Amino acid sequence: MEKSKRILWSLLLLLALPGMFMLSGCKKFLDRKPLTATLDDLHQGGIEGQVFGIYSAVKDYDIGQVFGGIPWQAIHNFRSDDSQKGSEPSDGAEWVAPFDNFQYVKDLWATNFYWDAHYSLIHLTNTAIQTADSLHLTGVESEVNIAEARFFRAFSYFDMVRTFGDVPKIDFRIYNAAQANIAKSPAAQIYALIDADLQYASANLPLVWGSQYPGRLTSGAAKALWAKTYMFRSNWSAALGLLNQVINSGQYSLYSSYFGIFKDAGENCSESILEWQNYVGPNKTDDHGSWYGTCQGVRAANSTGWNLGWGWNTPTDAFVSSFEAGDPRLPSTVLFSGQSDDPATGGYGATLPAYPAVLPQKYWNKKVYADPAMRQSTGYLDGAYWINQRVIRYADVLLMAAECLNETNAGAQAATLLNQVRARVSMPSIGFIDQAQMRAAIKKERRAELGLEGERFFDLVRWNDAVGVLGPLGYVDKNKLYPIPQPAIDRSNGVLVQNPAY
Amino acid sequence: MKCFLTVFQKPLQSKVLLAMKLTTLLTFFFTLNVAANGFGQNRISLKVKKTEISGVLRFIEKQTNYRFLYNDKLEDIREKVSINVKEAGVEDVLKMVLDKTRLQYQMMDNNLIVIKEDPNAPPRLPDVVVHGKVTGEGGAALAGASVQVKGSTIGTTTNNDGAFTLTVPNANVILIISSVGYDMQEIGLAGKTDITVSLTVSVKVQDAVVVIGYGTASKRDLTGSIAKVSGKEVADKPNTNPVASLQSKVAGLSVVNSGTPGQAPDIRIRGTISIGSVTPLYVVDGIFNDNIDYINPNDIESIEILKDPSSLAIFGVRGAAGVIAITTKRAKAGQVMVNFNTTYGFKKLVDKIELADAATFKTLFEEEKANLNTPIPPFDYTPWTGNTDWIDAVTRTGHYSASNLSVSGSSEKNKFMMGVGYMSDEGIVRHQKLEKITLSLNDEFKFNKAFKMGFTINGMRQDNPYDATWVLDAARKVAPFVPADTKTVYTKNPYGLDSLNQTLYYELPSIQNSGVINPLIPLENEWNKTISIEYRLVGSVFAELNFLKDFTLRASVYGDMSNVNTRKYKPLYNSYDVVSNKVFLASPSTNVAEDDNDWKKFQQDYTISYKKKIGSHSINALAGFTTYYFGNFNRSGTVNQSATGQAIPDDKRFWYISNGFGDLQSQRSGSSQSEKATSSGLLRLLYNYQGKYFINASYRRDGSSQISPDNRWQNFWALGGAWELTREGFMSGQKIFDFVKIKGSIGVLGNQNTYGYAYPFYPGLRGNAAAVFGNYIYNAYAQAYLPDPNLKWESVHAKDLGFELAAFRNRLHVDFSYFDKVTKDLMTYIPGINGASDGLSNIGSIQNNGIEITTSWEQKISRDLTVNLSANFTTYHNKVLELATKDFAIIDGYNRTVVGQPIGSFYGYIVEGVYQSYADKLASPINTEFSYGPGDLKYKDVNGDGKINTADRTFIGNPTPDFAYGASVNVTYKGFDLDIDVGGVYGNEIYRNWGGTESPFQRVNYPAFKINRWHGEGTSNWDPILGQDHRINYESSTYGIEDGSYFRIRNLQLGYNFSQRTISKIKGKNLRLFANVQNLKTWKNNLGYTPEYGGSATRFGVDDGGGAIPVVTTFGINVTF
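Residue numbers (numbering that gives the first Met the number 0), protein chains in the order written: chain A, 0 to 501; chain B, 0 to 1120.
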């Protein structure tokens, strides 16, 4: 009997041992938080920090690629008649057909990522907005932060609605990926969201920031963007109202030197309304740059000493020949292979090697022509990561206002604004004759003034000129919208439906 | 049945005694019943303890009027008995009293009872006390061995000294001695009462001792599927990673090796169970580990592969992907042994991919240029006169060498073993070399019978190879007209102001500016500028206490610490541009990057086990508590040379961040760190009845720091049963089967896999995010990913059903299993649905099932000739059952994971041919996705709607084989032995990315087969027209699909063992010479270097143009003193 008791007792002990250990002591052992900051650790200023994260993402080397890198160049620039893929013919040959010749491809990294990364940025904005909301942040600073987030959301959706038309409207924080798998909303509903966001942003963003925040979002930027969205809807009066507010704000003026806008000294100049901020410290320190400048720099073999980037987005013959004689904006915008870089229009006194013997393209985008001194000091001899991307300039605002005035039968007033832009580059004034003449003049001016800055394709589309101008390249009317990327459709279980024309 | 009942009706401890009584009583009854006539009328009550029978009789006389008559000289009358009766008849009492004696009684008249010796009784055979000792391998005492009297239930087990004492009915019984891992032995006592039994280690597969996690057991006692591989199998193979040697050797274990020294193979046990981690858990002498690069293959005693739920549930959340348990060598008892072995050999690249030569390149390139829609400028070939095989240019014959020395000794109290090893493993790519020194030390000290302690230390220093994994792929891309040699140019020294003759490699032509480099430029200039050294120390201490005879308490503490220090120097160097005949400063600036990566793992196990054989019941129970901690701490920094100042010299002295030359402004540092921990309780019961019916049950509860407190604890369990038919009576008549066991188990296992997220439910912040305003930089905060608060571990619901048999006098052995595993709550992330691109959720399920068969046949043909044959066969069937939403796809390159399809299936168009002409194009269904013309690929209209578009894409291949197989032949003739291992897989597809649909971003060399391209009507109906801008031909399609089946002579070894006579002359114990060839020949059906391409769970089977597996030939000598 004794023996069996002993066994029972021992078995009991056997069972109790792990139980005892597990009840005590484990909790602490298993409570481990990340050994680095989390959102929870950021109390005050957390919302601002999150919003800064959006500023970071919109131009970084990842998500930022679709706001200035090669996917952006393809969608916003290659598709115009002004520029083409560029680079070596063998480099990205598969991008020629879809973006230069309008044989749109449904499954291509550029457009797949364009879609995904825009939604990634939208996700960041929704998270910030929801965070502010859940914390009941109502102070002025918080409202500014919310306004910034809503600006970026509108900015992203404007790209999406212009490029794809109807798209899913995600205006809430996603907790579970399944929540994000929703059907498309009509473009009108996307525009309604854009309007609401930009109205809030216009009302809550400051007119101007202190000296420590050059290039941070202002009400001027919100209004200019909002006006641009109205331009796409041909809502001239709404656009004009906003543009007048920007013009009358007294914050902006045309920068005296046209090419100077695009030099390092011209960053955040008086003409700058919206500009993605890039910075690279000396000797490769603090690399907070973007692909924007590098992807367009002159491309050549390393050994030629002219490897300044990837050489994408190069001007076309059509673009070069579109300029009026003597327009200084041509030599300020285009860098010619085999010619001097012309210090009078932004060069540094070098002569480019010849095309096609050494350089693979005739022309290059001079607006991102890297300063050799900066290349040396940053240590990036073959890139231009530090160059800011000028997104909305005051000249654009003036020309948009001119267009609105002309479309609302105030052509004479339109001519005044148009001539402001022309006067800066010493081009002769254009007198108002009739609406059609003025319309043509404004269109021509936009092409010359905003060359290679990502406006031309969408301008042609909204003017209904695209078929006429781009038709010879292969454009047909359905090409105003790009097909929704196949992988997005594939993984949505049919929730996402392809654009009807495709 | 009777016995069974008895045990449960009576107190346990009296069982043996009772059984003996029963036997004797029955005998007595039959011998005495004649005499037992008439009854005593008087009733008696009697309570005596250990009283002589004569005394008892006197008591009876006192209570009754019976009188006894007997001879005082009778021996048996002096026997002592204990009686406790109440109101019993006198005859009943007498029967009791005289039980077990040779006496009988006779009732006479006058209440007189005569006691006398029974003349028919057998001669007196008194109980015999036998003392004995059982020894095992090398004469060491064998504790816990079972000693049983044949044909009875009398038995005991040996103590820690291997000794036993057993009272047996007589000195002529036969004892059955058995112990786990040893052959059972029968010993006739033949009158001896002091015996020593030496058991021999069992070579029978079914009796092997296997590691089961927190202990060992005989395979016979288990219900699961565990494969055991002897350390010998891996010791003399030319692989630094021991598991690499197991390819095609074990059913259910798939091993895809890499040709890169030091790179772990892709290992999966019984299929792809997750879309996250599918790597098995390694358990090395009890230590949980993710990699085993610190283990010297020569230090391994055995490797066990645990595959089924009943074996794996004890590993809880780590068990789902299977376990590879490694036991390292310990000193063998009673011997001092010195072993030295050395292996030397070389590696050769075989099955080279075939590429165009210079003339072919020119032909094809000129043709392609003419085909392009966008014309490109003419290319001037005049400076380019080379005709290089670029694969040859970057590869070489690699050398392999390994030497090991071990010393072991053992005494009664102490067991000691020490080993040192050195390995040098060169890859086939130039300059790729791994060097490793290992040290192992273990000791076990026995204080007394009850208490012992021990420790194990494994140390390693590894010089990691220069990372040349990119080289083969880079080399294939270079145009063949580029010379691979150097040009000697008198030019400026990049480090100084002087000039000197330099030998420079060639820059590539302008057409290869994008994404293609001359691999020799960085390889030859930088291969010796990286110093990467890993130190690793793995140690453990244990103490074991035996108490209350059957209990063992064991406490173990383990630590595993590793440091990898990598210092990378970027030198200055020139290259030569033949077009401009100029020297180019290819690397214009120096910098140093230093990376210090530490990890620490700590594990503690406390187990208490109870092992007891009670009659027919064998119980082996275990309970335990264990914790595991893993911390990773990584610091890194960089410094650049100052823009204006001196370069950082090309001297190891200065390859540190603070080297005195760097630009302080450019000095940057960073760190990353994470910790995780688990805490677990575990229980296990191994039970069998009469060695016939087995039950294995296990349970583990795991708590993890990586899961939110609400779901933190998860339970895992398994239940297995087995029936050994050959122990049943109905099998005793047959002579064919020696052993038949039917087994099955069911359970739930866990998979602790987090896609690399250290804190899956608790996200940190996006790295390196900063808002820039002008020249001001502000920290930016964004959550790194989206956490799911309900996240929990994946669980694998597994079933295993099979049988084991041995037949024909243990010459044939068959092990069969059917397995079925359903992974539930699949942990995954959904890539890129509208911004929800990150974060983990439990959203799917995957099923894996198949059968495994392992067979072996051993035939001793003559005294000198033995042949062993073995074979294994495994089928794999994988299917995704559920994933987020129906039809949701995880797209990972060409692989697609979708419900209803095997994981990672290839997806794309079916190529029907090539459009031969415009007429052909017009006559075929229209492709609405692309612009195309003659020479482009004609895809199949799968849905038959008359047009070809994305809806016509379909599943075109499965990277998982239908089945895998392996076989070995082992022939021993006198001193010679020959081993041949073969293996292969069947039924899988490979996606060949190179020379097909790889990104047309680059102008790469053409594969040789492009000579068969379409270049006019009727020239090809498979290989499309050349033209990088013919986008239609770059879609994922069957054009890239290749058959992945292969058959390989995996290993061939011929050895010779010198005879004892020869060896004794050099005072040795053993001397062996051998030659070995690994990967001798592979028969395959694809164009790549190898038919095997590992990868991640959702991207594998893709041939990216690398992955060469060399043939390795080695020679070795192994001597023991």
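Everything labelled a hint here was simulated from the structure, so no lab data went into it.
None of these values were measured; they are calculated from a predicted model.
Treat the hints with caution; some may be incorrect.
[Claimed, not checked] Cut-off 25 Å, straight-line C-alpha distance, at most; resulting in silico cross-link-like pairs (SDA-like, lysine to any residue):
1. B:K581 to A:Q375
2. A:K32 to B:G514
3. A:K361 to B:P374
4. A:K283 to B:D709
5. A:K32 to B:R460
6. A:K361 to B:V578
7. A:K283 to B:T626
8. B:K920 to A:D106
9. B:K675 to A:T37
10. A:K262 to B:T529
11. A:K283 to B:V578
12. B:K946 to A:D106
13. B:K599 to A:P33
14. A:K27 to B:K600
15. A:K283 to B:G495
16. A:K283 to B:K600
17. A:K283 to B:G755
18. B:K939 to A:A349
19. A:K27 to B:K567
20. B:K791 to A:R172
21. A:K27 to B:P376
22. B:K491 to A:K32
23. B:K361 to A:V357
24. B:K675 to A:P355
25. B:K486 to A:V357
26. A:K27 to B:P374
27. A:K32 to B:Q672
28. B:K581 to A:A349
29. A:K283 to B:Y655
30. A:K361 to B:P376
31. A:K283 to B:P374
32. B:K361 to A:P355
33. B:K491 to A:D194
Going through the hints against the structure:
A hinted pair counts as satisfied when its Cα atoms are at most 25 Å apart, and K581 of chain B with Q375 of chain A qualifies at roughly 22 Å. The suggested pairing of K32 of chain A with G514 of chain B is violated, with an alpha-carbon distance near 42 Å, which exceeds 25 Å. The hinted pair formed by K361 of chain A and P374 of chain B meets the criterion: a straight-line CA distance of about 14 Å does not exceed 25 Å. Of the pairs offered as hints, the one joining K283 of chain A and D709 of chain B is violated, with about 46 Å between alpha carbons and a cut-off of 25 Å exceeded.
Between K32 of chain A and R460 of chain B the CA atoms are separated by roughly 33 Å; this puts the pair beyond 25 Å, and the hint is violated. At roughly 20 Å between alpha-carbon atoms, K361 of chain A and V578 of chain B fall within 25 Å of each other, so this suggested pair holds. With a CA separation close to 45 Å, the supplied pair K283 of chain A and T626 of chain B exceeds the 25 Å bound. Restraint check for K920 of chain B and D106 of chain A: the C-alpha separation of about 23 Å stays at or below 25 Å, so the hint holds.
Restraint check for K675 of chain B and T37 of chain A: the C-alpha separation of about 17 Å stays at or below 25 Å, so the hint holds. Our distance criterion of 25 Å between C-alpha atoms is broken by K262 of chain A and T529 of chain B, whose separation comes to about 40 Å. The suggested pairing of K283 of chain A with V578 of chain B is violated, with an alpha-carbon distance near 31 Å, which exceeds 25 Å. Proposed proximity of K946 of chain B and D106 of chain A is supported: the alpha carbons are some 18 Å apart, at most 25 Å.
Restraint check: the Cα-Cα separation between K599 of chain B and P33 of chain A comes to about 16 Å, which is no more than 25 Å; the hinted pair holds. With a C-alpha separation of about 18 Å, the suggested pair K27 of chain A and K600 of chain B falls inside the 25 Å cut-off, and the hint holds. Of the supplied pair hints, the one linking K283 of chain A and G495 of chain B holds, its CA atoms being roughly 23 Å apart against a limit of 25 Å. Distance hint between K283 of chain A and K600 of chain B is unfulfilled; the C-alpha atoms sit about 36 Å from each other, more than 25 Å.
The suggested pairing of K283 of chain A with G755 of chain B is violated, with an alpha-carbon distance near 29 Å, which exceeds 25 Å. A hinted pair counts as satisfied when its Cα atoms are at most 25 Å apart, and K939 of chain B with A349 of chain A does not qualify at roughly 55 Å. Of the pairs offered as hints, the one joining K27 of chain A and K567 of chain B is violated, with about 40 Å between alpha carbons and a cut-off of 25 Å exceeded. Our distance criterion of 25 Å between C-alpha atoms is met by K791 of chain B and R172 of chain A, whose separation comes to about 22 Å.
Restraint check for K27 of chain A and P376 of chain B: the C-alpha separation of about 69 Å exceeds 25 Å, so the hint is violated. Taken as a hint, the K491 of chain B and K32 of chain A pair is broken in the structure, with Cα atoms around 55 Å apart against an allowance of 25 Å. A C-alpha spacing of about 20 Å is found between K361 of chain B and V357 of chain A, which places the hinted pair at or below 25 Å, so the restraint holds. Simply put, K675 of chain B and P355 of chain A have alpha-carbon atoms about 59 Å apart, too far for the 25 Å limit, and the pair is violated.
Taken as a hint, the K486 of chain B and V357 of chain A pair is honoured in the structure, with Cα atoms around 22 Å apart against an allowance of 25 Å. Proximity of K27 of chain A to P374 of chain B is assessed by CA-CA distance (about 69 Å); at most 25 Å being required, the pair is judged violated. Restraint check: the Cα-Cα separation between K32 of chain A and Q672 of chain B comes to about 11 Å, which is no more than 25 Å; the hinted pair holds. Of the supplied pair hints, the one linking K581 of chain B and A349 of chain A holds, its CA atoms being roughly 19 Å apart against a limit of 25 Å.
Distance restraint check for K283 of chain A and Y655 of chain B: the Cα-Cα separation of roughly 18 Å lies within the 25 Å cut-off, and the hinted pair is therefore satisfied. Pair hint K361 of chain A plus P376 of chain B holds up; C-alpha atoms about 12 Å apart against a cutoff of 25 Å. Using a Cα cut-off of 25 Å, the hinted pair K283 of chain A and P374 of chain B is violated, with the two alpha carbons roughly 38 Å apart. Simply put, K361 of chain B and P355 of chain A have alpha-carbon atoms about 20 Å apart, close enough for the 25 Å limit, and the pair holds.
The straight-line distance between the Cα atoms of K491 of chain B and D194 of chain A is roughly 63 Å, outside the 25 Å bound, and the hint therefore fails.
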